[in-house]
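Enquirer: What follows is each chain in one-letter form.
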Amino acid sequence: MKKLTKKAIVMIVIELICLVGLGVYLTSMQNYLSLKQQRRDTEQKITQIRELVQSTGESSQRLKQTVDGIYQSKAMSLAYMVREKVDPELDDDVMLGYRELLGVDNVFILDMDGNILYKARPAGTDFTRARYNQLRTVFGADEPSQAFEVDTGDSQLRYYGAMIDRGHMAVVAQDPAELDRLTEETSSWKSVLENVSVGLDGYSFVISAKDYTFLYHPDEALIGLDALDAGIRVEDLEDGGCCWMTINGEELYCGVVKADDVYVLCAVTRGEINSANAITVIIVLFVFFTVITVVVFYAIVMLREEQTRDKAAAEEQRAEDYKDAGAFRWHRRVGRKLVTVSAVGLICILVISYYMQTLYCMSRASLQNTQRLEEVEMTMGRYQANVDMLTDQYNNSYVSKGETAAYILSQRPDIFQDRERLAELSRAIGAEYLFVFDDQGKIVATDSPYTNFTLSEDPTEQSYEFRQLLQGVPYLVQPAQKDDVGVYRQYVGVTIRDEDGRANGFVQVSVQPELLANAVEQLSLSAVLQNIRVGVNGFAFAVDRDTKNFIYYPEERYIGRSAADYGMGEDMFRDGDSGYLTLGMDKYYGAAIETDGAFVYVVIPAGELFGDRVLLSLSTTGVSLVCLALMCLLLSLERRRDDKSEQTGEETPAGPDGPIPPAAGGKRARMVDVVMPDGTVKKTESAFSRWSNQALGWGEMTAEQKTMMVLKVLLGLLALFIVVAVANKEAAFTRTSVFRYVLDGTWTKGVNVFAVTASVMILCVVSVVSMLLRTILKFLSRSMGARGETVIRLVNNLVKYVAVIVALYFCFAMFGVDTATLLASAGILSLVIGLGAQDLVKDIVAGLFIIFEGEFRVGDIVTIGDWRGTVVEIGVRTTKIEEPGKNIKIINNSAISNVINMTRKESFAACDVGIEYGESLERVEAILAEELPHVRERLPKITDGPFYKGVSELADSGVIIKIVAQCAEGDRIQMGRDLNREMKLIFDRYKINVPFPQVVLNQPVEFKEATEWQKRRAEQFAEEQRALAEDLETTVQS
Amino acid sequence: MKKIRTLSLALLMALAVSVFVGGQRAMAEEQPLVVGVRDDIVNFGFLNETTGKYYGLEIDLAKELADRLDRDGVEFVTVTPTTREDVLQSGQVDCLIACYSINEERQELFDFSAPYYDDDTVFMVQTSSCFDRWMDLGGMTVGVLAGSNTGELVTETMKKYSHKGVQLQEEDTYQDLSDALERGDVDAVCMDGCIAQAYMNDDRVYLPGSLATQYYGVATRKGSELSEQVAAAVDDMLADGTVRDYIDKWD
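In order, the protein sequence lines correspond to chains A and B.
Count along the first sequence from 1, add 617, and you get the number used in this note's numbering.
Count along the second sequence from 1, add 3, and you get the number used in this note's numbering.
Note that these hints are calculated values from the structure, not bench results.
Here a beta-carbon is modelled for each residue, glycine too, at the ideal position from N, C-alpha and C.
Please note: incorrect hints may appear among the correct ones.
Said to hold, decoys possible - Simulated pairs of lysine-lysine, PhoX-like, Cα-Cα distance not exceeding 25 Å:
no., chain 1, residue 1, chain 2, residue 2
1, A, K827, B, K66
2, A, K1459, A, K1204
3, A, K827, B, K56
4, B, K252, A, K827
5, A, K1566, A, K1503
6, A, K954, A, K624
7, A, K1395, A, K1329
8, A, K1503, A, K1579
9, A, K875, B, K252
10, A, K1503, A, K623
11, A, K619, A, K954
12, A, K624, A, K827
Claimed, not checked - If you want a taste of the chain A side facing chain B, the calculated C-beta under 10 Å gives, among others:
no., residue
13, R667
14, Q671
15, S672
16, Y749
17, R753
18, T754
19, F756
20, Q763
21, T830
22, G841
23, D843
24, I1060
25, V1061
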């Protein structure tokens, strides 16, 4: 016994070591693989950020160009007006008017050296300085000068120059605040990086390469602080590098992009990389722990049973149980069982770790895909904002062009008579063509080929809109649209007014907004999708919602083709789908969103999805195999010792938990031996025990039962853990956790790994809840009477069935079965069942009546038909009655009729005794009067009586008198017998004869002795018969 | 009894004296190294206002130097080109590591370590001035830092390139120089490359070519005990690649 304890302790220690070992191995392996994966992701991200930074630079450049272009054109207009002497006399007031007209901050006319000739407002600056050389470039190149900005400390202005003639130039000055604002909006680090998703919870930040301060960080408190102080090492800031960094103690895996004088970093926390699959590791470890615990426990229990078994039997078995192997001997029976259990356990470990890996990979891929889609959405939003902004800018400038033209027209109507000069004006203000309409909407002058044109009166026509101008609307900007020839063109109209201020026709300007067209082009889905990086071999594509044709696909030849032809099924065209797709011959895993007019998909090849799951689960199983093999060997091997020491070992007295004590008196043995058809003897729990409401005592269990018990406890713990986790998922799991993903239920319902997981969770929750309920009920039943017990048993059953139904209902929902329909069809179903299972329904209804009318309760003694017995259980469908012979009869509730419940009141045991006619009745009565009290004393089970009830019959051969005694129904039969005995004894004592039939006897016959042969034959015959009819034992009734 | 008390008092005093003397000796070695550094030159000596700490090549160098001289840390004092010589001379700092270039004139005043960094003196102009070579600067105004040796250098150099020569305009700080260039008060500025880098932006360019190469060294008081130690330590740092690593770090 001591030896075994020692062994158990050693095994527990080894088990813990194995557990820790596997834990370390799994964690490091997972972390290593996650990091490898993260490295690839980060490298991808770096490329994306590089492109993003570049495109942001380009778009900010483009914005600058656009805005500069607008003001350059204003400078040109100004130069034109001065050149053409639109106002015959120039002075500062006229300049002020020009400033208003052009909508700029200041305008100047300078001579070649930079001396100011006319100005709208004081300049406060000296244009002759070399700083303004840029303006003078207009004389060399006959085109507006490049913009430049001068910050004089109190004012900041951007200058644009245009040549008037060889000696003069027009200069427009504009505060760049608006431009700066726009640039900030579109290309600040915040606006650029905010939408870049890194990993699942990661982020990007920017560090200045000049002074290593944070230029941008999602945590605004960090901006402006020193990055080196925060923990970043300068050596790590290498363009294109990926490594671990620390910011304020938080470890991050960062990728670095150097752009100009900043480092852009994308960071993922160590927590995310490592803990993302912590749950996977925990579950696998738990399974391993369970398996190994079960193995150890089973072995120890078996060995103990062995030791405490009946010694003789043990001696006998010992020899064949052991196999010698050197200094050790192998316990064959235990070993064999352990190997079986271990094998099953190993399969469990393999399956579960493979399953967990699959779950992890898929949930991660789904989350990532969703995130990428969000990125696409946000990028498109950003681009849209960009385009809106540009459009605004353009529209303002177009109106300004129109106004300038209208002004010039009012000053110099002669220009409009000459087509050539009109064309010159168009050029000067930067328009394609100019049109002048009269108050009837008819063209009166233009430099375009369309000379004879009247505004349409058809509201669907493009030109109809301009009729508004004839009613006095000051200006109209039409959105850019493609004209008949497919050129992007935009029309702007500005009303001309006569002296009274009435609308008197309008000037229309047409422009080809190339830059805007470019921007719109940029906005297109294709451009956005092209820049999205999806994992290593993944990509994004888009399908038109109506035509189901590819709008964008990485391989150009597919664009415009039908997606259905390329293997996409109807069910894939929907929002938020996360699942498998087939494109051509290849299988992908992806997600989709619906944007206006299109479905956007991001997909990764199915092959990429699972990474190293096979490797991981196999290696886990491998390590477990080694551990288990070691454990099995250690458990089944023992040092060989000589018999003597073994004897002493055996003689150690059994402790308090020694051999199984024989079932306590009166208590029925709940474990019984059964002989299986093949002759082996197995232990099983008796029917009574199974039905009884009490758990089996620990000491009564077999090794297998104990092991099962341990397994149950462990699994129960797991289930409890899952329930707790599910109940507060917000706290238990991070947003990126596998389980959180499953619980959030954003995956497609169907037969997939998530549905399985969700179902397992549901089962756990339901079973834990029902188990709790049933435990409470069990406790209740202990403190309640018989009626309570009946109800509780019923409720217990009810809980069981409801739990199963609820679990099934939700699980079906997880697997994509339409449960609403299922419920609706349940009506029809119930009809079908009602017909098919009439008996069942009858049973259940009858059961309900029995319970609620209280016909009988658990523990009552009843007679149903010919059956008399104690009610053990009233079920929903059946009732179990234990007859005095301890057999249990199971009666369908519907078959319960003609019940005699004999427990309601006390029963009477009666005894009829005859006395001879010759006997004096008075003497007998006098004796009885004296003796009956003694009988009462001798039979303590009599609750009242016995009473003498008088003469019940004057029978043929005697006078029958009746004695009755009150007793419990359970004692009634025995009581009858006891009374009979007492009467006989009393009669004997007082020499009272009991009449009996007289028989006349004849001369006896001589019997022959049996011969030896006959004796032997008879013996043999009896044996034979007994053997033959062994199985035909007649049921014994009391 | 009295004897014992006296004896113990004497012992105590002796102990106190020995501790004090020992402490003195230890303190001499463990005093922090006081270094004069710049606070406005990014990547060399730059004071981050938010954190109140100095960063840059020269700061790292100063820390390493203090380490190698077994000093108890390092203390920084901000110096400017106009103040730095006085600050060192007056003993407010032990040494200068402040983009202080070595030349003959200065070598007469101070001891210098071997140069740890060499830098080109360059012209920086606004793009809008359309200058692209030194010749264009003829007759223009060039901004230089007051107290630096750049002024003479510019005058000397430009004599060869333009008969018009250049006008010099001195400003007190680099920031003032940069502002003057921005306003157009000066047509070009001339300063050391590392400093110019801090004021460089998209609207400015360097004119190609270097006026002179400056060698930055650690300056110590003439003939002081520290001079040799510093020189030796800097030689070590140059030899074992420490300086090169720092330059890479802050490049």
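Enquirer: A separate judgement is required for each hint: does it hold in the structure or not?
Expert: Hints and how they fare:
no. : hint                 : result
1   : A:K827 with B:K66    : holds, 20 Å
2   : A:K1459 with A:K1204 : violated, 54 Å
3   : A:K827 with B:K56    : holds, 15 Å
4   : B:K252 with A:K827   : holds, 11 Å
5   : A:K1566 with A:K1503 : violated, 34 Å
6   : A:K954 with A:K624   : holds, 18 Å
7   : A:K1395 with A:K1329 : holds, 19 Å
8   : A:K1503 with A:K1579 : violated, 32 Å
9   : A:K875 with B:K252   : holds, 14 Å
10  : A:K1503 with A:K623  : violated, 44 Å
11  : A:K619 with A:K954   : holds, 23 Å
12  : A:K624 with A:K827   : violated, 67 Å
13  : R667                 : violated, 20 Å
14  : Q671                 : violated, 16 Å
15  : S672                 : violated, 18 Å
16  : Y749                 : holds, 7 Å
17  : R753                 : holds, 8 Å
18  : T754                 : holds, 7 Å
19  : F756                 : violated, 12 Å
20  : Q763                 : holds, 8 Å
21  : T830                 : holds, 6 Å
22  : G841                 : holds, 5 Å
23  : D843                 : holds, 5 Å
24  : I1060                : violated, 43 Å
25  : V1061                : violated, 44 Å
Violated hints, listed in ascending order, are 2, 5, 8, 10, 12, 13, 14, 15, 19, 24, 25; each of the other numbered hints is respected by the structure.
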